[in-house]
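Could you build the full structure based on these sequences and the hints that come with them?
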Amino acid sequence: MSAFFIEGRDFELFVDAVIGARRVVGPVAKRTKFVYAELESAEELRLDFDVTILPPKKVFFPPSQDLVRFSDGVVGGCIDPVETVLLGVHFYDVKGIDMTDFLFRERNEDWNYLAQREATTIVASSIQSISPRAFWSSVGAEVEPQGHDAFLTKVNGGYLFETRTPKGEALLGYGSFREATDAEVGAAALANAAAMKQCPERLDYPSEAIAEKVRDSFGDVAMWDELAKDCFSCGSCNTVCPTCYCFDVRDAWNLDQASGTRTRYWDACLTREFATVTMAGGGTENFREHHSARFRHRFMRKAAYLNEKLGGPACTGCGRCSQACTADIADPVRVITHIMEVSS
Amino acid sequence: MSCEHHGHDNLFLPREARILHTHRPTASEKHFTLQLADGAPLEFAPGQILEVGVMGYGEIPIGLASSPTRTGTFDIVVRTVGRVSTAINEKEVGDSLWIRGPLGHGFDLDSLKGHDVLIVAGGIGLCPTRSLIQYIEDRRDEFGRFLLFYGARDPLQLLFTEDRLHWRASGDVEYFETVDRADASWTGNVGVITTLFKKVQLLPETRVVICGPPIMFEFVIKELDRLGIVRENIFVDLERRMKCGVGKCGHCQINDKYCCIDGPVFTFSEIQELEEAI
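Taken in sequence, the protein lines are chains F and A. Per the working numbering, numbering through the first sequence is continuous, rising by one, with the last residue being 346. Per the working numbering, numbering through the second sequence is continuous, rising by one, with the last residue being 806.
Hint data in this document are derived by calculation from the structure and do not stem from the laboratory. Note that the structure is a prediction, hence the values are computed from the model and not measured. Cβ atoms here follow ideal geometry from the backbone N, Cα and C, with glycine treated the same way. Be aware that one or more of the hints could be misleading.
What the hints assert, rightly or not - The calculated DSBU-like cross-link candidates involving lysine-lysine, where the alpha carbons are at most 35 Å apart (straight line), are:
1) A:K727 <-> A:K641
2) A:K750 <-> F:K215
3) A:K641 <-> F:K311
4) F:K156 <-> F:K311
5) F:K60 <-> F:K169
6) F:K199 <-> F:K215
Claimed, not checked - According to the in silico footprint, chain A covers these stretches of chain F (three or more CB under 8 Å from chain A):
7) 64-72
8) 78-90
9) 262-272
10) 288-302
Dropping the structure here:
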């Protein structure tokens, strides 16, 4: 919508003012890495982060979330959104949020996610440091990030603040913003373009060609066995993924043994039990028994199955799975490049 | 207790259903007749499922086992298998179950109407197809010939004794049953369910519904191929671990389909290309 500028020294005051008014979640340091956490003061905010351990989807889709509470025969929901500003989201994570927004809304609207999502203002931010396994400049490049309310770019000793929605504009009142000059807007565009050029890994094939070839490789069992042979089925690739949204639902009793909760927890399709059904007589049927079938399923989901719905792959190029994988076999750049080059 | 300040529906909020009647057809199965606690009718189509639960234990997907033509109450049959089904099967008349649904995509009645219909049900697969059986019985003139094949492992596993007596005597359905292994009391057909095919003549336009253990599908499809029945006219009712029932949680995925919202009833032509289906 419009572009504004705020001096570096005023930026901290702005962030503190927003913290005074709303819950603010942003990237903070955790030992040598970064995580999204609720900010107590602007000092904690680290907009120079490269990538966070977990993606920001946890603000709307937390690792555990109560869906239903019960007590003595009374059952009720627990949708209870809190007005939140999510400050400092790289564009690739905005794309991930766009995908989970779509997936939790399509066919059956899940307000356990959507209510908190609607109560959140997202301020995207420019990439100042780059994660070593990132490939966001090339994967799904045809898909533009949508769901942010403002975009912050570090430039000329301050920040360019581009508002995208009325929710983003509403933040202007908390800081000493002035209208940006054309030179500042131009410098921000250059800074963002320069970051794109520094992305360390590349996936040099169009999304449609990848989708087709990955889908066609389904029956190449020997190749998938080889790609997955070191998989521990730990699910770390799922856990850190901004577009993974599978979950388990479990009931738990409170200590009073009269009340309790039905809660959803992040789940991971790489884990052995994920597609298992208990059969009569105590036996089980696992519809993806072998770890290579589960490894393949993840790549089908990320590169092929959801493309039509999402307009591109269900991958943002954040590189989190590449970094999180204990055996270092999850890197989509390596796996997909292998399929493109080797698979017939 | 409730913290719902939000005006929108919660997909996970179950409704209370009272148990009006129970029956134990076998040692492991329990047949419930239910009614919503608020007295509202449950509107559904044959083949749709419910998530059925006991608060504090969890929910499981269960196919509705009665026809929507029989209004006021609805039936489910639950086999004691795991933690949740055990908790459900401990409930008695007067107790409540908590349900969500109907969910999913049932049988395509428009495609069945006006045609001969064969239902092939193996084991507990008879329960979700019972909804369709009753529907056809209640609207008998909307369908052509109606045949039902039912197979169980042994005579002790046979479900719906009263229904079976009725089907045997009924002029509305050509009913055939078999057991894989007989006992001393059994005088009927012995052998896998495909042995029933040689007892009847079927037209290639017959619509066929299959529900049973995965191993059964393969052999039944072979028989249907032999009879020239095209795969668009074969309907299969699949079972997966449908945890949320609303197409989100991912547990019931078959390649790019969600069993819970794209199924659980599929045409065989839809799923024959899906490597993970059967």
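We went through each hint and held it up to the structure:
1. A:K727 <-> A:K641: 24 Å, holds
2. A:K750 <-> F:K215: 31 Å, holds
3. A:K641 <-> F:K311: The hint holds at about 33 Å.
4. F:K156 <-> F:K311: Measuring from Cα to Cα gives roughly 34 Å; hence the hint holds.
5. F:K60 <-> F:K169: 21 Å, holds
6. F:K199 <-> F:K215: 27 Å, holds
7. 64-72: holds (count 4)
8. 78-90: It holds, with 6 qualifying residues against the three required.
9. 262-272: holds (count 5)
10. 288-302: Satisfied; 5 residues make the cut.
The structure is consistent with each of the numbered hints, conforming to all of them.
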